[in-house]
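Protein chains in written order, with our numbering: chain H, 293 to 486; chain Y, 1110 to 1309.
Check before you lean on any hint, since a few could be wrong.
Short, incomplete list of chain Y residues facing chain H, as computed with Cβ under 10 Å [what the hints assert, rightly or not]:
1) Ala1129
2) Pro1184
3) Leu1211
4) Ala1235
5) Met1241
6) Leu1254
7) Val1301
Covered by chain H, according to a simulated footprint, are these stretches of chain Y (three or more residues, beta-carbon under 8 Å) [unchecked claim]:
8) 1134–1140
9) 1215–1228
In silico negatives: residues of chain Y with every beta carbon more than 10 Å from chain H [stated by the list, open to error]:
10) Arg1157
11) Lys1163
12) Trp1165
13) Asn1185
Rather than coming from a laboratory, the hints here were simulated on the basis of the structure. We put the beta carbon where it would ideally sit given N, CA and C, even for glycine.
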Amino acid sequence: MSAPLHIVLSWADWLNLFGHYLLLSLMSVGGAIATTAEMHRFLVEEHHWLTQSQFNDSIALAQAAPGPNVLFVALMGWNVGLNAGSYAGAVFGVAISMVGMLLPSTTLTYLAADWGQRNRELRAVRAFKQGMAPVVVALLTSTGLILASGTRTGTLDWPLWVLAAVAGVLVLRTRLHMLWLLAGGALLGWFGWL
Amino acid sequence: MTAPIQPPSSVPASLPPFNAPRSPAHLFVAFSLLALQGFGGVLAIVQRDLVERKRWLTQEEFIEEWAVAQIMPGPNVVNLTLVLGARYFGLRGALAALAGMLTFPLLLVLCLAVLHAQYAAHPGVAGALRGMGAVAAGMIAATGLKLAVSLRSHPLRLPLALSAAGVGIVLVAVLRVPMLYTLLGLGGLCCVLTYRRLAR
């Protein structure tokens, strides 16, 4: 987060940010990460509230840290607030962006899940839940494959692929705790073997 | 409500010992621990811990809840947390699980952001992040393959269900078709076929 940015945010700007996240929340079918392109357009290109490296680092850090990946949204809000001048602003930025990103989607999901639970004997509900199973399997496997190939250069990064494949086999074949695998990956990377 | 007609396929052949969380506070603690172990994505950990260790739900139920979490807008893991919490204690459970999933990881990631601002230049840090990313990718793909085993009891029968999953992988991972189209197209097709199969 090298080149610091100094911006002034009015209440109208904060409101604009909040409203934008409310919309993004409704558009984020397939996960919050699916809306990153639009977030980039809004935060970096249109309003210049965030630098390119702040944007990239927010995603990378949230991927590496424990917890749901949607925390990259919190980090972007944090950085926008910091750019606006203070840690208080940063905390406010986190609150604005996380509440905006989560409120519409969680409300909808809760209502849908509740409805589905009450009508779980309906043929259509059972057909939907069971019918989606092959696609759920496909999406999970694909997410892993895409993450493994998501290198900085775009060229084939075979040590990373090998590491991902070994980790996958260990998860399938052993009951080794996943934290050991992550620690192993971190060590290999720390010593520059990746 | 119509009289439920249960086809054999919707009842898992062998029901594992079934447990449940004791209270919303129990949910909060469980999801906090899950979230803090979930580097690079929590899904793999959620499946292993809740299905394989705690046995709060079966593999099939996990997939079904995940389908709901995936089709609705919003972060998948957050949606899944909400749905699983609601399953046991309604709105209170949903909020407790959600608070567990978000509170400590949020504090931690903000601390990391402050630290990262100082140590970003260290080559070891970037390498370690890359290594953990690769391991996380492998774990998520392995979880997908593991769930494929439960397609054996799928109403569409194993060959068709597996083929559909294969087509999905090609669409998303190889052809990079947007997830939404895959969900609506392939998912819709699978749902219609399943609907017809459930009628018999």
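Evaluated hints:
1. Ala1129: With a minimum Cβ separation of about 15 Å from chain H (threshold 10 Å), the hint on alanine 1129 (chain Y) is violated.
2. Pro1184: Given a least distance of 4 Å, the restraint on proline 1184 (chain Y) holds.
3. Leu1211: Since the shortest Cβ distance to chain H is 7 Å, the answer is holds.
4. Ala1235: 8 Å, holds
5. Met1241: Given a least distance of 5 Å, the restraint on methionine 1241 (chain Y) holds.
6. Leu1254: Nearest chain H Cβ about 6 Å off; hint holds.
7. Val1301: Holds - the Cβ of valine 1301 (chain Y) comes within 10 Å of chain H, reaching about 7 Å at its closest.
8. 1134–1140: violated (count 0)
9. 1215–1228: holds (count 8)
10. Arg1157: 7 Å, violated
11. Lys1163: Label holds. Min Cβ-Cβ 14 Å, cutoff 10 Å.
12. Trp1165: Correct as stated: the minimum Cβ-Cβ distance to chain H is 15 Å, above 10 Å.
13. Asn1185: At roughly 5 Å from the nearest Cβ of chain H, asparagine 1185 (chain Y) sits no farther out than 10 Å, so the non-interface label is violated.
Comparing the model with each earlier hint shows violations of hints 1, 8, 10, 13; every other hint is respected.
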